[in-house]
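Chains as they are written, first to last, in my numbering: chain A, 1 to 224; chain B, 1001 to 1257; chain C, 2001 to 2248.
Mixed in with the good hints there might be a few duds.
[What the hints assert, rightly or not] On the chain B side, residues computed to face chain A include the following (Cβ under 8 angstroms): (1) Ala1063; (2) Lys1101; (3) Val1104; (4) Gly1108; (5) Leu1111; (6) Leu1113; (7) Tyr1114; (8) Glu1116; (9) Leu1117; (10) Phe1126; (11) Lys1128; (12) Tyr1130.
These are calculated hints, taken from the structure and not from any lab test.
All C-beta atoms, glycine included, are put in the ideal place defined by N, C-alpha and C.
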Amino acid sequence: MKALHATWTLFAKECRLEFRTRELLTATVVFSLIIIVFFSFAFDPTPAESRRYGPGLLWIAFFFAGSLMVNPSFAREQINDTLDALRMAPVPSFAVLSAKILANLLFLSIAEAILVPVFSVFYNVSLAGIVGRLILVLVLGTVGLVITGTVFSAISAHARMRELLLPVLLLPFLTPVLIAAVSTTISLFGDARELDRTWVTFLAGFDIVFLAASWILSDFLAEG
Amino acid sequence: MASAAAPPHTGQQGLGIRFDRVERRFGPLVALRSVSLEIIPGEFVALLGHNGAGKTTLLRIAAQLMRPSRGSVIFVGPRPGAPVADLPGKPGDEIPAASVKALVGLVGHSLLLYDELSAAENLTLFAKLYALDSVSARVAAALESCGLATRATSQVRTFSRGMRQRLAIARALLHSPRLLLLDEPAAGLDTQGLAWFSATLERLRGDGCTVIMSTHARNESLDLATRAVVLAAGRVQDDSGPGADPRPLLESLRAEA
Amino acid sequence: MKARIPITLLVAGLVFFGGFAGLFIAPDEATMHQIQRIFYFHVPLWTAMTLALSISCFSCIAWLVSRRPTFDLLAVAGAEVGVLCCTGGLITGMLWGKPVWGIWWTWDARLTSTFVLWLLYISYLLLRELVEDPHLRATLSAVFGIFAYLDLPIVLLSTTLWRTQHPQPVLFGGPKSINHTMMMVFLLCMVAILGVMTLILIDRYRLERLRFEAEELRVEIESREMDAQQLPARLRVPGKELPAKGTA
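Using the sequences and the hints given, assemble the complete structure.
See the structure below:
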């Protein structure tokens, strides 16, 4: 299908651009690392406290780092007006949007893959036996973040103070995802080490609703 | 060189474009105030006017990068009078036909290229987005034609101004557009680039491609023009008319410049 | 609008009477006594907020579909009035909470989601502030407005699943039945507050409308002035006047 082919081509372009410089990835990992470490200085948690508050910390780190990371998605396309070139090409605007969503998903997932083990080591939280389910929760939460973050990046790219505006638009919006993701992760890290189905369904629902909304509204995002 | 007085090509292959009372505002700034213009397939239009007259805005509307605030733009197919797609001033009703997008090329003020990708990678990307066949062959041919074959794998950010502009033009021509929109395309070109560009324009004109070229310098390529349109303060001030000789108008403008 | 003055007086009267009724006529509630009276204002404010934000979302959709300026103006008016009602809801909620729970704030479902909604629509207004081109501003804020509105039920659902400390809702699915007089007073206050909200919304819309029309007039005047001016000499052929082929 032509649209899928276009999405793949654009996704490959995003990856090629990022892996050539790796600036975004590095900055995201380092920033998240700083937040994680600072928590330890600020609170000096015991192992029990780490298990109780660790999930919150982890997700806050991902949310803050993530909301900074999605900003260049569309801001970068303003150099040489390459976004205009994409808009003139006979590809659906949703293809452009989903290529960036997928790219952001990849980059943020790489950052998380590095940071979660680091977190587990620093705070003595064992991940044994829950890795698979933790990955599921991470993916669902990150997808929600990345979909909305990329859309809001397209919106705020036209605004002044866009680096500050994007987190302001994004973080209140993602409150449900934060609540759901943290609650699920807490129950995973807890003694019972079980996966809360309600919240998982909720996260999946959130992702589907806003993916659909993005698809319907993508043409309007492409206006200039 | 074909004489400017020759009638326009029968235009079997170019797109025509009709602007109907097109207006475009940017908040308090009015860039275009009721522009009505019909460009026949195959014409080579020199779009002239001082800075701020609205030339860039008109071209961007033709490229479908923005919608008119009022009025409409209609693309006419190779058979004059046969509409291909509508783009009315009330956006949201019609979706521009993807086939029209695939037939339009723009060389704008900006480069429209990725600095961090190589010349070949840039062209390959756009070749794929325009769903062209034999991508690598076309890209190689395009690079050869504009004299950048030896720098195919270098990133665009290492290019000189002239090289970048050549690549930008090559990118616009890659998908064999039937309507070519040029916004001061000669800016930054070196002598070698200018020669190549002139030759390319001649070839396109011979093919019957419709060209709208905006320029306010004394541009040699103006000799190829079959029509001259002057914009001033967002309106059409002068138009040599389709089929008529544009040279008197062009001469008068050159004298004043 | 000639009917405006009587309507304003009517609404003002309703507000006055509603306030009086809420404070003095309605009977004392069994468990919470005087504090419960805030319910007569808190719930209508919430309803007014939901209505205003719904109008705003509807206008956002209408703008994207039709591009008529009216809808963009209505969208911002609705959002602002919604934020106003939301602020009222937050304050009354806090006033209710302090005597009942002993603290000014608690992260229970209702208060938390009200606060998040407040943040969401403040950021909508901030977005509008930071985009300069009016057409782009309308389109981008319409998209964000739709997203924000879709998030409303999701925020409510998530905070409810997460927490509950709010008193059982009396009217909407609560187990307790309500006294007849209380119901009358409640309805009176509901009508009063919705009336106020509507009036403010209309006024806000009209203000935007006037700004918009003033701008249109200014542009039109400038345009005519430019036409009337002498065009720059260098665009004319020396000794030969080329007729200006500007189209009307």
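Against the structure, the hints come out as follows:
Interface hint at Ala1063 of chain B: satisfied, since its Cβ lies 6 angstroms from the closest Cβ of chain A, which is below the 8 angstroms cut-off. Interface restraint check: Lys1101 of chain B against chain A, minimum CB-CB distance 4 angstroms, threshold 8 angstroms, status holds. Taking 8 angstroms as the C-beta cut-off, the interface hint given for Val1104 of chain B holds, the closest approach to chain A being about 7 angstroms. Checking Gly1108 of chain B against chain A by beta carbon gives a least distance of about 7 angstroms; that is within 8 angstroms, so the hint holds.
Interface restraint check for Leu1111 of chain B: the shortest CB-CB distance to chain A comes to about 4 angstroms, inside 8 angstroms, so the restraint holds. A distance limit of 8 angstroms between C-beta atoms decides the matter here; for Leu1113 of chain B the minimum to chain A is near 6 angstroms, and the interface restraint holds. For Tyr1114 of chain B, the interface hint holds, the least distance from its beta-carbon to any beta-carbon of chain A being 6 angstroms, beneath 8 angstroms. Look at Glu1116 of chain B: its Cβ gets to within about 5 angstroms of chain A, closer than 8 angstroms, so that hint holds up.
Checking Leu1117 of chain B against chain A by beta carbon gives a least distance of about 7 angstroms; that is within 8 angstroms, so the hint holds. Proximity of Phe1126 of chain B to chain A holds as hinted, the smallest CB-CB distance being about 7 angstroms (cut-off 8 angstroms). Taking 8 angstroms as the C-beta cut-off, the interface hint given for Lys1128 of chain B holds, the closest approach to chain A being about 5 angstroms. For Tyr1130 of chain B, the interface hint holds, since its Cβ comes within 8 angstroms of a Cβ in chain A; the closest pair sits about 6 angstroms apart.
The structure agrees with every numbered hint stated previously.
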